[in-house]
Amino acid sequence: MVHAYAGKILRVNLSKKREIRIKPLDMSFAKKFLGGKGFGAKLLYDLAGPNTDPLEPDNAVMYCTGPLTATLAPTNRYCIVTKSPLTGLFSDSYAGGYFSQELKYAGYDVLIISGRARKPVYIWIDDENVELKPADHIWGLNTYQTYDALKKELNDKTVKVSCIGPAGERLVRFALVDSDFHRQAGRCGTGAVMGSKNLKAIAVRGTGEISVADPKTFDEAVLKCYKEIRESPASQEYTRGGTQSFTAFANDQGFFPTRNFQDGFFEKYEKLGEESQRKHLWLREYGCFACPIHCTKVGMIRRGKWIGTVCDIIEYESVGMLGGNCGIDFLEGVAYANLLCDKLGLDTISTGNVIGFAMECYQRGILDKNDTDGLNLTFGNWEAQIELINKIAYRKGFGDILADGVMRASERIGGSAEDIAVHMKGMEAPAWGPRGSPGMGLALAMSDRGCDHQRGWPIAYETGSSWAFGGPLDRITLEGKAKVLKWEQDHLTALYSLVVCEFSRSGISNETYAKLVSTATGWDIDYLGLLQYGERIWNLVRTFNIREGISRKDDASLPKRFKEPLPSGPAKDHRFTDEEFRKMLDDYYRERGWDKNGKPREEKLRELKLVELITS
Amino acid sequence: MKSLRKFVSGCFDLCTGCRICELACSAIKFGAYAPRKAHIAISIESEGLRAQPIVCIQCENAPCVYACPTNAIQRDEKLGAVVIYEEKCTGCRMCVIACPIEAIYFDVTTKKATKCDLCNGDPVCVKYCPTKALALRG
Chain A
35 MVHAYAGKIL RVNLSKKREI RIKPLDMSFA KKFLGGKGFG AKLLYDLAGP
85 NTDPLEPDNA VMYCTGPLTA TLAPTNRYCI VTKSPLTGLF SDSYAGGYFS
135 QELKYAGYDV LIISGRARKP VYIWIDDENV ELKPADHIWG LNTYQTYDAL
185 KKELNDKTVK VSCIGPAGER LVRFALVDSD FHRQAGRCGT GAVMGSKNLK
235 AIAVRGTGEI SVADPKTFDE AVLKCYKEIR ESPASQEYTR GGTQSFTAFA
285 NDQGFFPTRN FQDGFFEKYE KLGEESQRKH LWLREYGCFA CPIHCTKVGM
335 IRRGKWIGTV CDIIEYESVG MLGGNCGIDF LEGVAYANLL CDKLGLDTIS
385 TGNVIGFAME CYQRGILDKN DTDGLNLTFG NWEAQIELIN KIAYRKGFGD
435 ILADGVMRAS ERIGGSAEDI AVHMKGMEAP AWGPRGSPGM GLALAMSDRG
485 CDHQRGWPIA YETGSSWAFG GPLDRITLEG KAKVLKWEQD HLTALYSLVV
535 CEFSRSGISN ETYAKLVSTA TGWDIDYLGL LQYGERIWNL VRTFNIREGI
585 SRKDDASLPK RFKEPLPSGP AKDHRFTDEE FRKMLDDYYR ERGWDKNGKP
635 REEKLRELKL VELITS
Chain B
552 MKSLRKFVSG CFDLCTGCRI CELACSAIKF GAYAPRKAHI AISIESEGLR
602 AQPIVCIQCE NAPCVYACPT NAIQRDEKLG AVVIYEEKCT GCRMCVIACP
652 IEAIYFDVTT KKATKCDLCN GDPVCVKYCP TKALALRG
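Just so you know, the protein sequences line up as chains A and B, in that order.
Here our numbering runs 34 ahead of the position in the first sequence, where the first position is 1.
Here our numbering runs 551 ahead of the position in the second sequence, where the first position is 1.
Because the hints were derived from the structure by calculation, they are not lab data.
There may be inaccurate statements among the hints.
Computed list of lysine to aspartate or glutamate pairs in EDC-like fashion (alpha-carbon distance at most 20 Å, straight line) [what the hints assert, rightly or not]:
no., chain 1, residue 1, chain 2, residue 2
1, A, Lys430, A, Asp407
2, B, Lys663, A, Asp253
3, A, Lys185, B, Glu611
4, A, Lys594, A, Glu582
5, A, Lys185, B, Glu598
6, A, Lys191, B, Glu653
7, B, Lys580, A, Asp253
8, A, Lys377, B, Asp673
9, A, Lys191, B, Glu596
10, B, Lys678, A, Glu262
11, A, Lys250, B, Asp673
All values reported here derive from a predicted model rather than from experimental measurement.
Could you build all of it, start to finish, from the sequences and the hints given here?
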């Protein structure tokens, strides 16, 4: 009997033949790549290559679960992997909620979707009965309307749905995949890949069960998780205010994205932060599946024109990017913009970045009203922001230019616009301006899905926290940063393969994670073993990206903005210099066992049992 | 004289919709994680503004007891719970239809009705609930 895994892989080809195949999960594959990100990385490596256009039928979208998914362990996310239309690289994005468990209870560890349907469809998975159903009648609906329509059509409100909005249908390059209200796999433009396949949604009902190898000790490990979460001040902060404590922290420390990253401190941040949201929005505590942290706060807009509108907590990244980065301090405006992005199916990070960029173009006179369909894009104009979100999602007028992401938009606008586009490898920078944190600069540069904060957050270790094998780091010096980043990337990659929510790591100890895995699977594995999985998968993804043409030049292409001195805060005047950054990259490649161009060396791939990736 | 009655009470105000209760219940009853088979269910309404635990309240005046044609459902005076005597259950589902809060389930494997029996007086859902939204009352 298979423990921890559901034991099957579901493959759906949407093209003419409409092939639906169910195959057993190869356990040697499971043991080598663990789950989630690891499964997705190996499958994408085999299925897609440099000739795969992300928006053509031969690209694949994979929903991957992990060995802890659907158990009592505090895990709830799915990992969705594809070749990104934003970066052209490997992409993995995650969403919590209730969808991943349902897929596993239906019997599948992975759902692989390829091809392109001739007309809009959705996939209906009812345990072993899988069918493609017409979606013409729901094409065009926003994500929330899609949930309602499908639950009604399938006559079961407990069905779990993951879908795209109008932005995904129109191939906006940063369109997201939404699931079951308030939960988004936001980054990398996976929604556009689904849209390109004419795939509107996946609805699942799973009535099966998942067992673990050693139920008694697994249960002890789960109770240990609860205890660690209860006793961890950081976890308690998530329980109290979600990610909102970061808003004050980022402003105190100078990391808050302000007016397209021109500064790291937003003078009106308190209007958007924890206390303000608690007072004006939040009503209820809410949690994802199996999670005792329950960081979500469901609320309602209680002032102004959207009075009575139910909304989620405005998460830190969304406050940063739709708020500070666009100079907007109107709480209800940001709450509504956030909700609008969710409903239309847009990543709030990329959306806030690209609108902040347009606003700076306007500020500098690179764009005027003739270019913006008459919109006054002065920083702080929330009405214009909402108008622009609609234009982007529906690719109307000026929105059509921004809908291709900040890199392509800046190239199209031309001139000095490219100097103020804040991205790496085509991915818009998130709400952590790295000036004042050399480690964070390196983390953004070396993130495997382009500029992103969820592949290492060294800010923690540069502002007083300890890491797994040592104490805090000095903030501004370069020494030791590469080593800590390598550990954290491996650590997170292992967690993303399990698939756990990274917020749970604020409480759950590394040893307890290992215990959960060993008692669920029956394998002999400790924390160092988990890190080995992380390193193997990280190198596999890097090899994929190298095959796509990534090299040192791309790793070193920090946005010009981060080379300008930071205007304020404790790290005032800090900036990245090319020379320092070159040194950090050298350190990092050395720590990784990669050559000077950032390619994993043959002996490293051998050590990680990835010989099949060795090319001459 | 009123009979002894105990029940799990679940209120929406502290419930976060995490379904840990469903997982813990299914693990105890079936030895595996299967929330849809659990004897407690969380119903989520209004985009999460309301998460309501649905679990048998071991009614004083229990429709399932009246509806059962074989007297398979009776109050266990010691536990204070309304329990199903499996050997008498014919799987006719009258109790499932009669229960107004949908707290009785039909087990497709055993082909018999099944419901919350208060885990012998120490309900596992109450023990695992992280916010104390569930409590044993009576």
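Hint check results:
1. Lys430/A - Asp407/A: Measuring from Cα to Cα gives roughly 10 Å; hence the hint holds.
2. Lys663/B - Asp253/A: Not satisfied, since the Cα-Cα distance of roughly 28 Å exceeds 20 Å.
3. Lys185/A - Glu611/B: Violated - the C-alpha atoms of Glu611/B and Lys185/A are around 35 Å apart, more than 20 Å.
4. Lys594/A - Glu582/A: 24 Å, violated
5. Lys185/A - Glu598/B: 13 Å, holds
6. Lys191/A - Glu653/B: 14 Å, holds
7. Lys580/B - Asp253/A: Cα-Cα ~15 Å, so holds.
8. Lys377/A - Asp673/B: Not OK: Lys377/A and Asp673/B at ~43 Å, beyond 20 Å, violated.
9. Lys191/A - Glu596/B: This hinted pair holds, its Cα atoms lying about 10 Å apart.
10. Lys678/B - Glu262/A: Holds: Lys678/B and Glu262/A sit about 17 Å apart, inside 20 Å.
11. Lys250/A - Asp673/B: 18 Å, holds
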